[in-house]
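Trainee: Protein sequences appear in the order of chains U and S.
Residues 148 to 640 (our numbering) are what the first sequence spells out, left to right.
Residues 3 to 687 (our numbering) are what the second sequence spells out, left to right.
Keep in mind that a hint or two might mislead.
Derived DEER-like restraints, expressed as beta-carbon distance ranges [what the hints assert, rightly or not]:
no., chain 1, residue 1, chain 2, residue 2, range
1, U, R253, S, G644, 33 to 41 Å
2, S, A59, U, A208, 52 to 60 Å
3, U, H419, S, G222, 24 to 32 Å
4, U, E420, S, F432, 28 to 36 Å
5, S, N606, U, M321, 49 to 57 Å
6, S, G196, U, K518, 39 to 47 Å
7, S, E457, U, H502, 26 to 34 Å
8, U, A208, S, G65, 54 to 62 Å
9, U, E420, S, T225, 40 to 48 Å
10, S, W33, U, L604, 28 to 36 Å
11, U, V444, S, G644, 20 to 28 Å
Listing some non-contacts, in silico: residues in chain S with all C-beta distances to chain U over 10 Å [as the list claims (entries may be wrong)]:
no., residue
12, S72
13, L93
14, F174
15, N316
16, G534
17, F537
18, R658
19, T671
If you're looking for bench data, these hints aren't it; they were derived computationally from the structure.
The model shown is predicted, which means the values in this text are computed figures rather than measured ones.
Every residue, glycine too, gets a C-beta built ideally from N, C-alpha and C.
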Amino acid sequence: MSGLPLLSLAIWVPILSGLVVLLTGADRNAPLARMLALIGAIAGLVVALPLYSGFDTTTPAMQFVELSPWISRFNVNYHLGVDGISMLFVILNSFITVIVILAGWRVIGSQVAQYNAGFLIMSGLLNGIFSALDAMLFYVFFEASLIPLYIIIGVWGGPRRVYAAFKFFLFTLMGSLLFLISLIYLFLNSGSFAIQDWHQLPLSLAAQKWIFLAFLAAFAVKVPMWPVHTWLPDAHVEAPTGGSIVLAAIALKLGAYGFLRFSLPIAPDASHEFSGLILALSLIAVVYIGFVALVQVDMKKLVAYSSIAHMGFVTLGFFIFSPMGVEGALVQMVSHGFVAGAMFFCIGVMYDRVHSRLIADYGGVVNRMPKFATFFMLFAMANAGLPGTSGFVGEFMVILASVKFNFWVAFAAASTMILGAAYTLWMYKRVVFGAVGNRHVSELTDISAREFLILALLALGALGMGLYPQPFTEVMHSSVDELLRHVSISKIQ
Amino acid sequence: MDMQKVYLLVPLAPLLGAIVAGLFCRLIPRWLAHSVTIAGVAISFLASVYIFKDVAAGNMFNGPVYQWLSSGDYKFEVGFLIDSLTVTMMLVVTFVSLMVHIYTIGYMRDDPGYSRFFSYISLFTFSMLMLVMSNNFMQLFFGWEAVGLVSYLLIGFWYTRPTAIFANMKAFLVNRVGDFGFILGIGLILAHFGTLDYQAVFGEAKNLADASITLIPGVGWGTVSLLSATCILLFIGAMGKSAQVPLHVWLPDSMEGPTPISALIHAATMVTAGIFMVSRMSPLFELSDTALSFVIVIGSITALFMGFLGIIQNDIKRVVAYSTLSQLGYMTVALGASAYSAAIFHLMTHAFFKALLFLAAGSVIIGMHHDQDIRNMGGLRKYMPVTWLTSLIGSLALIGTPFFAGFYSKDSIIEAVKLSQIPGSGFAYFSVMAGVFITAFYSFRMYFLVFHGKERFGLEHANHADPGEDAHDGDHDDEEVAPDHHHGLAPGQKPHETPWVVTLPLVLLAVPSIFLGYVAIESMLFGDFFKGVIFVNTEAHPGMTELSHHFHGAFAMAIHAFSTPVFWLAVAGVVLAWFLYLRQPQIPAAIKSACGPLYTVMENKYYFDKFNEAVLAKGARLLGQGLWKGGDVGVIDGLIVGGAVRVVGWTAALLRLFQTGHIYHYAFTMIFGVCALLSFWLLRA
Numbered sequence: 148m149s150g151l152p153l154l155s156l157a158i159w160v161p162i163l164s165g166l167v168v169l170l171t172g173a174d175r176n177a178p179l180a181r182m183l184a185l186i187g188a189i190a191g192l193v194v195a196l197p198l199y200s201g202f203d204t205t206t207p208a209m210q211f212v213e214l215s216p217w218i219s220r221f222n223v224n225y226h227l228g229v230d231g232i233s234m235l236f237v238i239l240n241s242f243i244t245v246i247v248i249l250a251g252w253r254v255i256g257s258q259v260a261q262y263n264a265g266f267l268i269m270s271g272l273l274n275g276i277f278s279a280l281d282a283m284l285f286y287v288f289f290e291a292s293l294i295p296l297y298i299i300i301g302v303w304g305g306p307r308r309v310y311a312a313f314k315f316f317l318f319t320l321m322g323s324l325l326f327l328i329s330l331i332y333l334f335l336n337s338g339s340f341a342i343q344d345w346h347q348l349p350l351s352l353a354a355q356k357w358i359f360l361a362f363l364a365a366f367a368v369k370v371p372m373w374p375v376h377t378w379l380p381d382a383h384v385e386a387p388t389g390g391s392i393v394l395a396a397i398a399l400k401l402g403a404y405g406f407l408r409f410s411l412p413i414a415p416d417a418s419h420e421f422s423g424l425i426l427a428l429s430l431i432a433v434v435y436i437g438f439v440a441l442v443q444v445d446m447k448k449l450v451a452y453s454s455i456a457h458m459g460f461v462t463l464g465f466f467i468f469s470p471m472g473v474e475g476a477l478v479q480m481v482s483h484g485f486v487a488g489a490m491f492f493c494i495g496v497m498y499d500r501v502h503s504r505l506i507a508d509y510g511g512v513v514n515r516m517p518k519f520a521t522f523f524m525l526f527a528m529a530n531a532g533l534p535g536t537s538g539f540v541g542e543f544m545v546i547l548a549s550v551k552f553n554f555w556v557a558f559a560a561a562s563t564m565i566l567g568a569a570y571t572l573w574m575y576k577r578v579v580f581g582a583v584g585n586r587h588v589s590e591l592t593d594i595s596a597r598e599f600l601i602l603a604l605l606a607l608g609a610l611g612m613g614l615y616p617q618p619f620t621e622v623m624h625s626s627v628d629e630l631l632r633h634v635s636i637s638k639i640q
Numbered sequence: 003m004d005m006q007k008v009y010l011l012v013p014l015a016p017l018l019g020a021i022v023a024g025l026f027c028r029l030i031p032r033w034l035a036h037s038v039t040i041a042g043v044a045i046s047f048l049a050s051v052y053i054f055k056d057v058a059a060g061n062m063f064n065g066p067v068y069q070w071l072s073s074g075d076y077k078f079e080v081g082f083l084i085d086s087l088t089v090t091m092m093l094v095v096t097f098v099s100l101m102v103h104i105y106t107i108g109y110m111r112d113d114p115g116y117s118r119f120f121s122y123i124s125l126f127t128f129s130m131l132m133l134v135m136s137n138n139f140m141q142l143f144f145g146w147e148a149v150g151l152v153s154y155l156l157i158g159f160w161y162t163r164p165t166a167i168f169a170n171m172k173a174f175l176v177n178r179v180g181d182f183g184f185i186l187g188i189g190l191i192l193a194h195f196g197t198l199d200y201q202a203v204f205g206e207a208k209n210l211a212d213a214s215i216t217l218i219p220g221v222g223w224g225t226v227s228l229l230s231a232t233c234i235l236l237f238i239g240a241m242g243k244s245a246q247v248p249l250h251v252w253l254p255d256s257m258e259g260p261t262p263i264s265a266l267i268h269a270a271t272m273v274t275a276g277i278f279m280v281s282r283m284s285p286l287f288e289l290s291d292t293a294l295s296f297v298i299v300i301g302s303i304t305a306l307f308m309g310f311l312g313i314i315q316n317d318i319k320r321v322v323a324y325s326t327l328s329q330l331g332y333m334t335v336a337l338g339a340s341a342y343s344a345a346i347f348h349l350m351t352h353a354f355f356k357a358l359l360f361l362a363a364g365s366v367i368i369g370m371h372h373d374q375d376i377r378n379m380g381g382l383r384k385y386m387p388v389t390w391l392t393s394l395i396g397s398l399a400l401i402g403t404p405f406f407a408g409f410y411s412k413d414s415i416i417e418a419v420k421l422s423q424i425p426g427s428g429f430a431y432f433s434v435m436a437g438v439f440i441t442a443f444y445s446f447r448m449y450f451l452v453f454h455g456k457e458r459f460g461l462e463h464a465n466h467a468d469p470g471e472d473a474h475d476g477d478h479d480d481e482e483v484a485p486d487h488h489h490g491l492a493p494g495q496k497p498h499e500t501p502w503v504v505t506l507p508l509v510l511l512a513v514p515s516i517f518l519g520y521v522a523i524e525s526m527l528f529g530d531f532f533k534g535v536i537f538v539n540t541e542a543h544p545g546m547t548e549l550s551h552h553f554h555g556a557f558a559m560a561i562h563a564f565s566t567p568v569f570w571l572a573v574a575g576v577v578l579a580w581f582l583y584l585r586q587p588q589i590p591a592a593i594k595s596a597c598g599p600l601y602t603v604m605e606n607k608y609y610f611d612k613f614n615e616a617v618l619a620k621g622a623r624l625l626g627q628g629l630w631k632g633g634d635v636g637v638i639d640g641l642i643v644g645g646a647v648r649v650v651g652w653t654a655a656l657l658r659l660f661q662t663g664h665i666y667h668y669a670f671t672m673i674f675g676v677c678a679l680l681s682f683w684l685l686r687a
């Protein structure tokens with residue numbers, strides 16, 4: 148497989164499959180559209196898997212590199228490659244695409260081809276973001292990926308979908324413009340759009356600060372960090388289940404990935420300068436959002452808020468500048484992909500049957516859906532960071548790394564042990580346990596084979612990573628060490 | 003045989019049983035579910051005996067199984083440390099677990115969740131074994147949380163009951179508060195020792211004895227001893243798991259779970275994990291008198307005040323539960339007095355006699371058709387002879403009757419506390435002495451009310467005051483009908499002895515409850531059994547060494563006991579219980595009304611639950627509401643985002659005024675502009 152342009156395949160196989168799916172046209176061809184979409188998604192995963200098996204863990208350099216000129220006048224290139232930081236996300240994204248295609252199998256009845264095509268095209272674009280080494284290419288993928296998600300929320304979403312889609316689009320676009328200006332500034336200073344060239348570019352502290360803040364505007368919205376997070380609960384609530392899964396599992400990772408690829412290595416001095424601010428915002432996300440999640444009455448909102456709190460751990464891990472912090476944050480990102488994706492799917496399973504997301508409309512689900520309740524328990528525990536599940540690994544690493552950095556930072560971060568368990572288990576108790584709550588619950592049927600398969604795949608990810616995280620972290624070591632070495636060297640001349 | 007394979011067999015056999023019974027609980031017949039899990043635990047027990055022999059021959063093991071994770075300079079491994087402390091715990095866990103597995107066949111016979119229950123208790127056995135066999139803090143934390151999970155699942159086993167699902171969430175959250183401290187303690191270890199491996203940390207501990215960390219810079223008292231901070235944080239974890247005040251609140255409520263797990267998890271094994279952990283960490287705790295003082299004071303408060311509450315309980319399981327809390331306090335006091343071996347010794351004897359008492363209580367509950375109120379019992383000894391005799395043995399062991407197992411362990415603790423010099427040991431001595439009387443009183447109050455006196459069952463106006471009694475009335479048609487329904491005996495109906503699967507474990511547990519102390523005291527407390535495993539700084543804390551000078555054999559110790567106040571305090575407790583509950587049963591009611599306010603305080607369990615619910619839980623919800631409605635919806639979305647939208651709207655509205663679409667407006671503006679510009683140029687010129 149080594150001769151194949153794997154990254155191009157990972158990007159274009161889903162996009163082309165998406166276009167093929169679109170060709171099936173109207174809903175009378177829906178079964179064909181679904182089947183083609185599933186084949187496309189699986190093909191996308193198959194071409195992504197050799198990225199792991201063929202990965203060389205000993206080098207921090209970019210691997211599977213592809214380079215050809217694109218817009219030579221501005222020195223823009225079609226430049227792809229992955230390192231230990233980005234590689235896992237290409238695979239995770241390709242995996243999640245299979246999940247969302249399966250998740251929408253029965254549920255989506257109208258405009259089936261367009262729905263599935265939207266996810267496939269988005270999947271390719273997201274892979275493009277994680278593998279782009281040219282800033283312009285990155286920017287194009289970064290912005291283009293907004294469109295499918297915007298459409299998915301706006302067309303297949305809930306009653307307030309237009310409000311949510313607009314909010315989502317405007318929030319993220321606002322930051323993107325400042326991001327573009329920084330990219331142009333860096334191009335004018337270096338004559339290149341190659342991200343790796345910029346890592347070496349000397350910059351004054353003032354310039355670094357402006358660049359850092361511009362990047363922050365783009366990435367903080369995506370993560371999302373407090374206080375620019377309020378678009379996320381609305382977007383999740385209105386999005387269809389598949390949209391929520393991709394949003395939580397992959398789209399939220401883009402901002403965090405941006406910090407590692409852009410902010411830290413391009414503006415290392417400013418990163419140190421502003422680390423206090425980022426840590427403060429991260430801890431606010433963990434504690435403040437933890438309390439907010441506690442009182443949510445809508446399950447999707449609750450999990451959306453819990454996502455924000457979990458992403459707070461990611462930015463916290465990045466900005467304590469220790470290998471275990473950064474790797475813990477990366478682990479947390481991958482884990483969150485499995486766990487938050489699964490939580491949203493679980494809520495979707497119940498929503499498909501009862502058509503409500505309100506906690507108060509449930510109670511005693513376990514009596515009618517024991518298999519489902521077992522899976523839901525597993526993911527709830529993973530969400531609460533129970534050892535043995537993937538949710539624990541990242542939190543454990545970040546908390547331990549932050550004790551070394553500052554005891555009180557760790558103290559605030561560790562409060563998630565209590566808050567995370569409180570909001571997750573309280574919800575679980577009210578929804579799943581108890582006597583049958585009402586007529587709707589008494590009419591519930593347990594999960595189908597398709598739903599079982601989806602949950603089992605996600606459970607495999609969450610449990611496997613929790614019991615044996617070593618395969619996930621060993622690919623990161625070289626790249627993370629190299630990144631931190633780079634960040635520790637001043638760029639001011 | 004290769005010993006390492008035997009070590010692996012111990013936890014994996016129950017795990018396999020749990021997986022088979024759990025994944026296929028709806029497919030396999032019941033007999034297969036219990037056979038496979040019992041076989042797993044039995045294998046585990048036999049392997050533990052084999053390992054015990056190997057350890058007794060002087061071997062030990064410390065090594066990894068696999069590397070879980072590496073990051074930066076740190077490695078985290080899953081591995082085993084097999085020494086005398088580990089193997090003691092392994093024997094206790096696997097033996098009690100085996101008894102409970104057998105007992106469950108009888109106790110859960112009619113429950114639709116039969117296979118699921120077996121799966122859970124085997125999973126628990128696996129988790130507990132991983133906890134005690136660990137050779138590092140990471141795996142310890144793993145097991146620590148895993149037993150918490152299974153405890154959560156089992157307390158809420160009857161998930162249609164509101165009280166059960168409240169109790170299990172409460173248990174998990176209160177334990178998480180403890181774990182919050184625990185993980186910070188582990189974090190300090192990693193940050194300052196650079197490893198989580200026990201041996202490496204203990205070896206390095208001496209060098210860091212004088213190290214300090216600055217928690218609050220710029221203030222004198224903001225800098226504290228590293229080891230004191232670490233040990234106290236670790237102990238907070240133990241306070242959660244081993245239910246020490248103020249994190250004890252979950253244990254009485256955990257009685258909502260089926261009785262077999264109350265015996266296994268909430269009496270014999272899981273709740274003693276904290277005691278085990280501190281003993282394991284003795285090389286660290288020994289270096290911090292501050293931490294030891296903290297430990298001994300918390301233990302004394304628990305031992306004394308939880309004992310009081312045992313006196314006023316009317317639910318048979320809750321009496322035993324408060325007794326467990328009080329006994330855990332005893333063990334904690336022993337830890338604080340540097341008598342780690344005495345704590346482990348008491349842990350071991352307590353595991354047997356308390357499991358016995360719980361299982362006997364369960365047997366009584368079956369006999370009474372799931373009535374748990376001791377006011378509705380009386381005279382049961384006639385109907386349930388095996389349960390009666392074994393309960394008597396358990397109670398005698400609990401109150402420390404000479405020659406019984408509990409006597410040796412409890413007396414050793416009391417003596418060690420007497421000799422301790424640690425600040426707080428004076429109060430601790432008072433607590434454990436008073437505790438002797440209280441323990442004897444509430445134990446025999448229950449014993450007399452249940453097995454002796456007038457038969458009060460089968461009456462029309464029985465006391466059915468249990469919480470949750472009415473709560474699950476509506477689901478009788480449901481498939482999940484629980485056997486613990488508080489039905490009680492119908493008028494005229496008599497209690498009956500339970501089947502052999504229930505009574506056999508009682509008898510098997512009664513044997514060590516009598517003899518174990520006599521057999522084991524010499525080697526465990528004063529011999530070389532824990533040498534090199536439990537570390538005591540004999541210069542600073544000479545208690546146990548001094549005690550060994552007074553020890554002249556187990557027999558002499560028991561004979562000597564008859565002339566000590568400890569023994570007579572226990573006798574006084576029993577006699578008082580006899581007098582008040584058999585001779586003059588009208589007096590307790592009179593006392594109750596005479597001590598109104600005091601009784602109210604105790605009935606409300608010193609208001610811990612009320613405080614937690616009214617202040618902490620409600621406060622958290624209010625804070626969440628405030629941050630959500632005020633912060634997110636109000637300020638961020640309302641003021642900033644909405645504000646930005648409004649500013650755009652206003653600006654647009656303003657600018658729109660200039661876009662009227664009328665030619666004459668534009669023409670007029672143009673003329674006006676031309677005039678203004680012309681005037682400007684002309685005047686300047």
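Trainee: Each hint: holds or not?
Mentor: Going through the hints against the structure:
1. Checked against the hint of 33 to 41 Å, the pair R253(U) and G644(S) passes, with Cβ atoms roughly 39 Å apart.
2. Roughly 55 Å separates the CB atoms of A59(S) and A208(U), a value that falls within the hinted 52 to 60 Å.
3. Taking the beta carbon of each, H419(U) and G222(S) are about 31 Å apart, inside 24 to 32 Å as hinted.
4. The beta-carbon spacing between E420(U) and F432(S), approximately 58 Å, falls outside the hinted interval of 28 to 36 Å.
5. Distance hint for N606(S) and M321(U): a CB-CB separation of about 55 Å, consistent with the stated range 49 to 57 Å.
6. Between G196(S) and K518(U) the beta carbons are some 45 Å apart, a value that agrees with the proposed interval 39 to 47 Å.
7. A hinted range of 26 to 34 Å for the beta carbons of E457(S) and H502(U) is inconsistent with their spacing of about 57 Å.
8. Take A208(U) and G65(S): their Cβ atoms lie about 36 Å apart, and the range 54 to 62 Å is violated.
9. At roughly 28 Å, the beta carbons of E420(U) and T225(S) sit outside the given window of 40 to 48 Å.
10. Checked against the given bound of 28 to 36 Å, the beta carbons of W33(S) and L604(U), roughly 34 Å apart, stay inside it.
11. Taken as a hint, the range 20 to 28 Å holds for the pair V444(U) and G644(S), whose Cβ atoms sit roughly 22 Å apart.
12. Non-interface status of S72(S) relative to chain U is broken: a Cβ of that chain comes within 10 Å, the nearest being about 7 Å off.
13. At roughly 25 Å, the least C-beta separation between L93(S) and chain U is larger than 10 Å, which holds for a residue marked as non-interface.
14. With a least beta-carbon separation of about 6 Å from chain U, F174(S) fails to lie farther than 10 Å from that chain, contradicting its non-interface assignment.
15. The claim that N316(S) lies off the interface holds: its Cβ sits roughly 26 Å from the closest Cβ of chain U, which is beyond the 10 Å cut-off.
16. At the 10 Å boundary, the C-beta of G534(S) stays outside the reach of chain U, the nearest C-beta of that chain being 29 Å off.
17. Even its closest Cβ contact with chain U, about 25 Å, leaves F537(S) beyond 10 Å, as expected for a residue assigned away from the interface.
18. Residue-level check passed: R658(S) sits 21 Å from the nearest beta carbon of chain U, beyond 10 Å.
19. With 10 Å as the threshold on Cβ separation, the claim that T671(S) sits away from chain U holds: the shortest Cβ distance comes to roughly 33 Å.
Going down the numbered hints, you'll see the structure goes against 4, 7, 8, 9, 12 and 14, while the others check out.
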